[in-house]
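Same order as they appear, the protein sequences are chains A and B. Here full-length UniProt numbering is used: the first residue of the first sequence is 1, the next is one more, and so on. Here full-length UniProt numbering is used: the first residue of the second sequence is 1, the next is one more, and so on.
Calculated directly from the structure, the hints in this document are not laboratory data. There could be a bad hint or two in this list.
Simulated restraints, written as ranges between beta carbons of each label pair [claimed, not checked]: (1) A/Lys-104 with B/Asp-149: 37 to 45 angstroms; (2) A/Phe-79 with B/Asn-204: 36 to 44 angstroms; (3) B/Ser-191 with A/Asp-108: 29 to 37 angstroms.
Idealized CB from N, CA, C, for every residue including glycine.
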Amino acid sequence: MKSYIWLQTADGSIQQVEEEAAMFCPMICQEVLQTGMGSSKAYAISLPQRVNPAILGLILDYCRFHQVQGRSNKERKTFDEKFIRMDTKKLCELTSAADSLQLKPLVDLTSRALARIIEGKTPEEIRETFHLPDDLTEEEKLEPLRNITDDPRIRLLNRLYARKRKELKERKKLKDVEVEEEPKDERSVEDLLSFINGADGDTKETRANKNKKKNRRRKDHAKDLSQNANENDKELNPLTSAYHNGNFDNASASQHSMMQNLPAVNFSPKFEFIDGDMDDDLDPAMKEELDREVEDFARRLNSDWPERMQILSLGQDRRLVPISMNSSGSTHMYTSMFFILS
Amino acid sequence: MGDVMGPDLISDLPQSIIESILMKIPIRDAVRTSILSSKWRYKWSSITQLVFDDKCAPFSCDREVVGRSVAKFITRVLFLHQGPIHKFQITNSKLQSCPEIDQWILYLSRNDIKELVMELGDGEFFRIPSSLFNCRKLRRLELSRCELDPPLCFKGFMCLRSLGLHQVLISPDAVESLISKCPLLESLSVSYFDNLALTIRAPNLKHLYLEGEFKDIYLEDAPFLVEISIAMYMTDDIAEHFEQSSNCNFVKFLGGVPNLEKLVGLIYFTKYLSIGIDSVHLPIMYNNLETIELYQVNFEDTKEILVILHLITSSPNLKELQISGSSNIAVAADFPDLDFWEKECLSDTTLNKLKTVKLSEMGGWPHEIEFMKYLLGRSPVLETLNIIPCVFDMENNLRMLMELVKCRRASTQAEVVFYRE
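Turn these sequences into a full structure, and let the hints guide you.
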């Protein structure tokens with residue numbers, strides 16, 4: 001004799017459902033066990049508002065299939081893939097309903113389906129799919145700022161660094177080629193023993209290399225501090241430029257805010273990466289030349305700054321507002337736009 | 001400002017569902033949702049999982065530019081994010097070591113980080129800042145190619161369940177200390193260390209994965225280990241160490257793991273276990289051990305064969321056995337010590353649960369054939385014996401087949417499947 005549970009949806013209609021299927025939903029299960037409701041029509045369990053009869057039908061189909069014990073994972077997966085094929089509207093309703101019934105596996109399934117719908121679409125397409133109102137102003141969406149690397153001088157500087165780094169990497173590659181090799185070694189022990197007293201172990205050499213790298217990094221730290229200070233500040237400026245977006249018209253803002261040195265943001269520069277991999281064997285002449293070029297540029301860029309600072313301070317009447325973790329909707333938050341579209 | 005196309009389908013779903021949807025799409029798409037509508041502006045900013053993989057950077061041939069762009073992106077996302085961050089993962093092959101890493105990890109240490117995965121671009125090493133050791137709620141830590149230097153006063157990660165260190169520069173003492181200071185550690189994966197002698201004290205450890213040039217591995221305190229996978233590489237130093245070692249590695253390694261269910265050993269693992277094996281009386285029984293996989297076993301070395309025999313006779317519930325021979329034995333010894341097998345056949349042990357056996361890289365050498373005969377003669381419920389020869393040499397293979405056809409089988413259902421190239 002099959003037993004049934006009575007469920008009532010928000011619109012007042014009452015249905016009778018097989019017990020095993022209904023009990024698969026944690027919320028219904030809990031109601032039955034805690035309050036004893038659902039055993040007759042008069043005492044039907046009231047389902048949350050988000051569950052309408054049509055959606056309830058779908059949910060029960062899902063429950064009926066999955067509550068059967070003996071099914072293989074493959075069978076379940078195939079069922080899920082077919083089950084999830086429905087229009088977006090129904091999918092959203094189903095997600096909402098499954099959530100209110102605390103049916104986590106179904107919520108996961110529908111969320112994944114919704115994620116697949118959203119992924120890769122442009123904002124316009126997403127808005128159309130889900131009927132979202134396009135109610136942000138153009139300002140709020142914000143034009144993307146000119147990318148900081150568009151400035152020709154900074155680009156040149158980056159190129160120099162890239163060249164220098166590449167140079168160092170070639171040198172290092174030649175030296176460390178043993179380290180990169182797959183260390184798998186299938187020689188028999190007898191063979192190895194015959195080599196042991198001969199060539200010195202590879203491992204010793206590579207370890208020495210790494211130590212050299214570490215030491216060099218520390219030595220160069222002090223030297224590079226002054227030279228690199230300005231470059232790094234520039235790189236970090238995009239963060240701050242965001243704050244000033246709304247106050248200037250975009251053209252001038254992007255130009256000037258890039259160059260502004262921001263006192264409020266405190267970055268302790270650590271330069272391990274820029275010259276950290278300096279190899280002892282780098283050709284000294286080459287090294288000098290590159291160093292000189294880099295210093296030159298740094299100086300030139302520095303000299304421009306005092307003038308730019310002046311222009312900036314004239315136009316600025318808003319101080320930097322620190323971000324607060326739990327605030328919502330204040331103007332400083334609309335910075336999220338500026339990098340999305342870049 | 002848009003025309004009404006119908007009611008908004010999705011924006012009123014509970015925030016937890018929206019967040020779970022946003023965490024299932026690439027982070028760039030998730031952040032882009034902030035321009036969809038006014039309701040969507042900050043929905044993304046409280047997601048608790050931030051994953052920056054190769055999808056998050058625009059495609060470009062210039063690795064430097066892409067690397068910088070990714071670093072900037074990460075900094076911006078962190079700055080705009082609100083609330084706790086439970087999972088933070090960087091596995092981007094273009095990102096290079098940069099000063100911002102220190103700030104990111106500092107920020108994460110203040111935001112309840114639970115899972116941290118850091119793997120930068122190929123060949124890039126970076127230094128882990130000390131703020132990592134303030135991440136009290138850390139449950140999972142995976143680091144690749146970095147320098148790790150725990151402070152002396154570090155008391156350990158009290159919640160850490162899973163630790164993975166790959167090509168990490170850290171002193172051996174610090175590694176051992178780190179492992180032993182994480183009381184809840186269940187899963188440990190350490191790879192590509194040089195010449196490490198590792199002692200593991202992890203009372204809750206269940207899964208162990210080691211790969212690299214290890215001199216010694218001593219499982220001093222890991223009684224709940226369920227799964228072990230070890231790949232031991234060889235160097236001249238290590239070979240010398242093996243020669244001079246007077247330990248009994250079998251006991252040191254497997255003496256304290258009675259709950260073992262699966263054992264996988266690669267490259268020089270059997271060689272490592274074979275040191276000191278002569279003097280061993282089987283230390284314990286492995287009643288839960290159901291799967292054994294040993295690769296690159298040198299069948300010319302009777303000590304290594306002894307390791308296998310010890311293992312299988314100590315595992316009454318062994319179901320699956322996979323052995324792969326060493327394929328670079330060009331010629332077998334002229335007088336193989338077949339007396340060895342006479343001695344072994346004196347014992348009566350049968351492999352009562354053994355069902356599947358797979359032997360690969362078989363050269364058809366005498367010891368290998370004796371081993372096959374040993375298995376066939378003692379496995380009453382054997383169902384399949386797969387043999388994959390390493391070299392399709394008619395002579396050797398023919399010899400192998402002839403011997404197999406001759407030998408006695410304990411199981412009436414045993415199928416011997418011989419694979420041709």
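Status of the hints after comparison with the structure:
For A/Lys-104 and B/Asp-149, the Cβ-Cβ distance of about 42 angstroms falls inside the hinted range of 37 to 45 angstroms, so the restraint holds. The hinted range of 36 to 44 angstroms is satisfied by A/Phe-79 and B/Asn-204, whose Cβ atoms lie roughly 38 angstroms apart. Against the hinted window of 29 to 37 angstroms, the Cβ-Cβ separation of B/Ser-191 and A/Asp-108 comes to about 32 angstroms, which satisfies the hint.
When each numbered hint is compared with the structure, no violation occurs for any of them.
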